[in-house]
Each structure stands twice: as structure tokens, then as C-alpha cells.
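Use the sequences and the hints to build the structure in full.
Protein sequence lines correspond, in order, to chains A and B.
The first sequence begins at 4 in the numbering used here and counts up by one.
The second sequence begins at 13 in the numbering used here and counts up by one.
Hints were generated in silico from the structure; no laboratory data involved.
As the structure is a computational prediction, the values presented were derived from the model and not from experiment.
Glycine included, each C-beta is placed from N, C-alpha and C at the ideal position.
Incorrect hints may appear among the rest.
With a straight-line cut-off of 20 Å between C-alpha atoms, the simulated SDA-like cross-links for lysine to any residue are [said to hold, decoys possible]:
no., chain 1, residue 1, chain 2, residue 2
1, B, Lys-56, A, Lys-55
2, B, Lys-31, B, Gln-107
3, A, Lys-80, A, Ala-113
4, B, Lys-31, B, Ser-113
5, B, Lys-53, A, Ala-113
6, A, Lys-100, B, Lys-21
7, A, Lys-110, A, Ser-17
8, A, Lys-55, B, Gln-107
9, B, Lys-53, A, Arg-108
10, A, Lys-59, B, Ser-113
11, A, Lys-100, A, Val-40
12, A, Lys-100, B, Met-58
13, B, Lys-53, A, Gly-64
14, A, Lys-55, A, Ser-17
15, B, Lys-64, B, Lys-53
16, B, Lys-21, B, Asn-63
FRET-style restraints, in silico, Cβ to Cβ [as the list claims (entries may be wrong)]:
no., chain 1, residue 1, chain 2, residue 2, range
17, B, Ser-17, A, Thr-29, 47 to 57 Å
18, B, Ser-92, A, Gly-64, 25 to 35 Å
19, A, Thr-29, B, Glu-94, 27 to 37 Å
20, B, Met-27, A, Asp-58, 20 to 30 Å
21, B, Asn-63, A, Thr-15, 39 to 49 Å
22, B, Lys-53, A, Thr-74, 35 to 45 Å
23, B, Arg-122, A, Thr-8, 19 to 29 Å
24, B, Asn-29, A, Lys-63, 38 to 48 Å
25, B, Lys-52, A, Thr-29, 15 to 25 Å
26, A, Ser-82, B, Thr-71, 35 to 45 Å
27, B, Gly-40, A, Thr-31, 27 to 37 Å
28, B, Asp-50, A, Val-85, 26 to 36 Å
29, A, Glu-79, B, Phe-54, 21 to 31 Å
30, B, Lys-79, A, Ser-17, 43 to 53 Å
Okay, the calculated bits of chain B under chain A, using three or more residues with CB under 8 Å as the criterion [what the hints assert, rightly or not]:
no., stretch
31, 48–61
32, 112–126
Chain by chain, the residues:
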Amino acid sequence: GNSVTQMEGPVTLSEEAFLTINCTYTATGYPSLFWYVQYPGEGLQLLLKATKADDKGSNKGFEATYRKETTSFHLEKGSVQVSDSAVYFCATSGTYKYIFGTGTRLKVLA
Amino acid sequence: DTAVSQTPKYLVTQMGNDKSIKCEQNLGHDTMYWYKQDSKKFLKIMFSYNNKELIINETVPNRFSPKSPDKAHLNLHINSLELGDSAVYFCASSQEGSYNSPLHFGNGTRLTVT
Chain A
4 GNSVTQMEGP VTLSEEAFLT INCTYTATGY PSLFWYVQYP GEGLQLLLKA TKADDKGSNK
64 GFEATYRKET TSFHLEKGSV QVSDSAVYFC ATSGTYKYIF GTGTRLKVLA
Chain B
13 DTAVSQTPKY LVTQMGNDKS IKCEQNLGHD TMYWYKQDSK KFLKIMFSYN NKELIINETV
73 PNRFSPKSPD KAHLNLHINS LELGDSAVYF CASSQEGSYN SPLHFGNGTR LTVT
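In C-alpha cells, the structure reads:
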């Protein structure tokens, strides 16, 4: 079945630093890939998605590119803010089933 | 308007009790899910339903019984609660079986079993 591996956290950065959170996947077929963000005490919110190879998803300054050759979907942001502190999840779709990575906690210091 | 709403937000109960969590979505989606998030934030699918029919039961103990009275509602009843059931339970929905459709999550129910 499909699976997702993402880098373990926590990741601690200073404000305005560059962010990369690595995510790799294994899948049969052609799944979509997603990044979700979870703020404390809340549910997961979709951050961005990509539905086919070479697609780039972007939202709120975050970007990720669906790379089939390296089976990766790394999350990047050029300049993080304190408000970006949260847990980030990489996920892949399947038939009536979405598989999530273990989550990466990001802490941004002022 | 809340897209996926679940109640209660917090649930504290003793071992052996029976409890229910309710979920409703107003997105018009055909597919609904229950996920369990443990203390390390790991998310695991429990059930998925499509148009009120059970599609996936991910080796969840029989003490957990989902019920979908219509495609906008998916409730979760848990019998004989155990300490290990303590977790955050998330309801979610998506368009029917669509690989491209993202999940929409509720805000979770934090269950604490003492």
C-alpha cells in the first residue's frame, strides 16, 4: 500500500529563515500528494496539494513540487514567521484512504 | 459555517464506560472518515464510509462501532472504554473516492479515559 516518510522534528528556526521539510512517498498508481498543517488544539487544514508529477502546489508562501523521479514532495518556505509554528503533515491519497506521515513540528522563534 | 463539525470537543470518562462522538459535514461530500491521533501526533485511519456504506475498517477492535444514518453524518460509538483509547479522534470528509480531493477535518474530540 501507499506510505509516506517525513523528516522527524522538531525543527526550530529563527524568523525569516528558510524552511525545508522533507517528504518521500511510495505508492501504486498515481496518487495525489498533500501537505496539511495542524495548529494547537485544532484539526488539520489543507496547506497545498499536487495531483500529478511535476505539479507545484503553493499557498501562503509555502511550496512543494511533486517529483516522481525522486518520489519526493518536500515543503519549502523562503521566510518563516512565528505564526507558522505548527505541526506539518505530508499525505498521499488512496482509494477511500489517505496515508499521513508522522508529522514534523516547526517552532519559529522571534 | 463550519464545514465538518464534531461533538463533544472534550470527553473525559472512566474505563469500562460507553461513549459516542458525533460528526456532521455540510460540504455535500459522499465520503466520511474517522482518524485516531495518538499522543505523538501519529494519524491512523480507522474507518471510511461512502454514501453510508462501510468501505474501510482498518483492523479496529469491535468495541468501536461507526454508524452513518445519512451521508452527512458519521458517528462513532465506543464500548467498554480502555486506557489505550485515550487519543484525539478526528472526523473528516472528501468527495467520493477521488484521488485529487483533499480531506476536510473537524476540530477533533480529545478523549481521556481514566
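Status of the hints after comparison with the structure:
no. : hint                            : verdict
1   : B:Lys-56 / A:Lys-55             : violated (24 Å)
2   : B:Lys-31 / B:Gln-107            : violated (28 Å)
3   : A:Lys-80 / A:Ala-113            : holds (16 Å)
4   : B:Lys-31 / B:Ser-113            : violated (31 Å)
5   : B:Lys-53 / A:Ala-113            : violated (25 Å)
6   : A:Lys-100 / B:Lys-21            : violated (24 Å)
7   : A:Lys-110 / A:Ser-17            : holds (8 Å)
8   : A:Lys-55 / B:Gln-107            : holds (18 Å)
9   : B:Lys-53 / A:Arg-108            : holds (10 Å)
10  : A:Lys-59 / B:Ser-113            : holds (16 Å)
11  : A:Lys-100 / A:Val-40            : holds (18 Å)
12  : A:Lys-100 / B:Met-58            : holds (10 Å)
13  : B:Lys-53 / A:Gly-64             : violated (24 Å)
14  : A:Lys-55 / A:Ser-17             : violated (33 Å)
15  : B:Lys-64 / B:Lys-53             : violated (28 Å)
16  : B:Lys-21 / B:Asn-63             : violated (25 Å)
17  : B:Ser-17 / A:Thr-29: 47 to 57 Å : violated (34 Å)
18  : B:Ser-92 / A:Gly-64: 25 to 35 Å : violated (47 Å)
19  : A:Thr-29 / B:Glu-94: 27 to 37 Å : holds (33 Å)
20  : B:Met-27 / A:Asp-58: 20 to 30 Å : violated (48 Å)
21  : B:Asn-63 / A:Thr-15: 39 to 49 Å : holds (45 Å)
22  : B:Lys-53 / A:Thr-74: 35 to 45 Å : violated (23 Å)
23  : B:Arg-122 / A:Thr-8: 19 to 29 Å : holds (27 Å)
24  : B:Asn-29 / A:Lys-63: 38 to 48 Å : holds (42 Å)
25  : B:Lys-52 / A:Thr-29: 15 to 25 Å : holds (22 Å)
26  : A:Ser-82 / B:Thr-71: 35 to 45 Å : holds (43 Å)
27  : B:Gly-40 / A:Thr-31: 27 to 37 Å : holds (29 Å)
28  : B:Asp-50 / A:Val-85: 26 to 36 Å : holds (27 Å)
29  : A:Glu-79 / B:Phe-54: 21 to 31 Å : holds (24 Å)
30  : B:Lys-79 / A:Ser-17: 43 to 53 Å : holds (49 Å)
31  : 48–61                           : holds (count 6)
32  : 112–126                         : holds (count 9)
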